[in-house]
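Novice: These are the residues of each chain, in order.
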Amino acid sequence: MSGASSRLSGPPLLSVRRLTKHFPVRGGIFKRTHGVVQAVDAVSFDVQPGETLGIVGESGCGKSTTARLLMRLTEPDSGEVMFDGEQIGGRGGPSLRTLRRNIQMVFQDSYASLNPRLPVGMSVAYGPFAHGLRRAEALDRAATLLEAVGLEPALYADRYPHELSGGQRQRVNVARALAIEPRVVILDEAVSALDKSVAAQVLNLLVELKERFRLTYLFISHDLGVVRYLSDRVLVMYLGKVVEVGPVAEVWEHPRHPYTRALLAAMPTMDPSRRTTEALLTGDPPNPINPPSGCRFRTRCRFAEDVCARHEPPLQSSADLRDHAIACHMVHAGTGHSLAGTSGPA
Amino acid sequence: MVSTSSETLLTLPTPDAALTRARHGRGYWKNVWRRLAEDRITIAVMLVLIAIILSAVLAPYLTPHDPMKTSVFARLKPIGTAGHWLGTDEIGRDLWARMVYGGRLSLLCGVLPVALALVVGGTLGVVAGYAGGVVNSAIMRSIDVLYAFPSILLAIAICGILGSGIRNTILALSVTFIPPLVRISEAVTTQVRSLDFVEAARASGSGTALLLRYHVLNNVLGPILVYATSLISISIILASGLSFLGLGVSPPNPEWGLMLNNLRPAIWVNPVVAALPGVMIFLTSMCFNLTSDGIRQAMDVRL
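Residue numbers (this note's numbering), protein chains in the order written: chain A, 147 to 492; chain B, 1273 to 1575.
For the record, the hints were derived by calculation from the structure and aren't laboratory data.
As the structure is a computational prediction, the values presented were derived from the model and not from experiment.
Glycine included, C-beta positions come from ideal geometry on N, C-alpha and C.
Be careful, since some hints might not be right.
A few chain B residues that face chain A, going by a derived Cβ cut-off under 8 Å, partial list only [unchecked claim]:
1. Leu1467
2. Glu1471
3. Gly1479
4. Asn1491
Next up, chain A with everything else stripped away, as it sits in the complex (with noise of 0.2 Å):
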């Protein structure tokens, strides 16, 4: 898991630029647009081949919207996406149909993503059988597929999706998201609806298997702990912005943003030395119809100072490292906030 950080001078495998969602909130009877919901704004982000990138961030912040325009199951507004270098749906880039056979998601919900009435082996089939494989040849590399996620399929390809426990039904997700052999792996709050100890020997699963197909990771989730357990590199949402992205230690260590900072210092922990006195954040996220102003955060910022309101701050590099990148005024130095430039306050 770790690594990471030697290829992250490599060309990226997934690169996205400027992604940006915004869902028109509509009513009466003339369906007159009446807001924005701003639900991905002008993300950017890279994924090195071979890595794992966690993203965090409050429920609404963007991140399974961001998953969707990946797969392009929503239509982005603008902004691009290019895998192994080249724009999907551009001119004489890959189509649609290339970019899903490399990039596949694995929904929270591991019941209402398979088919009630179909045998689990027969959806973990259909992903080659839609892409030419015979029905028998699909069949057989379902069975090897539930074979990698500890599902015997001799016990199991002719079940349906009722006959299974939760873990059971998510082990066969991943395998319907491995048939058609894909690079990246989105994995949408895989483990969010499990319990603990089955969710434990599914991130395992996950682990083994990205090593075994040789996988680059999207995990996405709320769960701190799990995405620490997982990822290399972290990247932290707030209201459909990017505020903080870079190496998970690093992150954990030293986070630079308040917002990173609030949600680490929000985690439990085990540790009756470090317990959580009071709540550095309060209250929900606003309403992303009308973000605030310049940087988003700040209405639940403890520093927010003029200039919060009036600049939206830029995600940049910090001055040391340069992998980690932050969108506040306060990391870097000359943006007119009394803090800025310093590490920040203690």
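Given the coordinates of chain A, work out where chain B should sit on it, guided by the hints.
Specialist: Relative to the frame of chain A, chain B by itself:
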């Protein structure tokens, strides 16, 4: 954790055999049939239905009488009369003969319009539900126009324009049943379309036709079929209504609805005989409803 131990104490099917079994879909229909066989009520109802259908098909072999032959001397004979064991109608025709012959037209008027409407309405509904957006609006708003007319009025209007006769009756009834079938299939398809497994199938790069076949149709067909069978009884009754108005089957052809209407005045003279066609309509529609319900339950793998 991941590598499953192959040494188990339980006797398990050998992987090869089980894989072959899985390849053939575990004999899904065999499984459905087994569950159906356990459901005694459905089996009984299905047998009654088969008997009704057979009696209509084999009508000439079941009675020596001509269903059209009248007799002024044998009018409104009660049940149990020698030679006419179900009695006779108001102009002396053998009722048993008319019942079994009448089943031919009645079953045709019940099943065919619904089947036609199911093909057209079901297709439109699934397309509207799956496509969504503009396609959905275009289809659904056009269907709403048909909804503006009460169904019986719509059937009368169509029959009035096309003229009477069995073919036009069936056509008119088909058009009448299209709107509710479109609406039902659109509703279930819209519901299924947004489920994660359809998204996942879409994300796996599947074509629309394959996706509809493997992921949408098998989830929407059950409720649509059950609803469609409930229309069969309505269809029989509407067809008899049209016959009564002189727009459908014309006398002296035997048809249950028409017979019911013709025997109506005789209800004071011979109530049991007058009620018989009604009993047949009731029995047939009940049988269709219960059978479809039973089949749906047997097909539902989740139960």
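Novice: Confirm or reject each hint.
Specialist: Do the hints match the structure? See the list:
This hint holds: leucine 1467 of chain B has a C-beta 5 Å from the nearest C-beta of chain A, less than the 8 Å allowed. For glutamate 1471 of chain B, the suggested interface contact is upheld, since its CB lies about 6 Å from the closest CB of chain A, less than 8 Å. Annotation: interface hint on glycine 1479 of chain B holds; nearest CB of chain A at approximately 7 Å, less than 8 Å. Contact between asparagine 1491 of chain B and chain A, as hinted, is supported at the beta carbon level, the nearest pair being about 6 Å apart and thus within 8 Å.
In terms of the numbered hints stated before, the structure departs from none.
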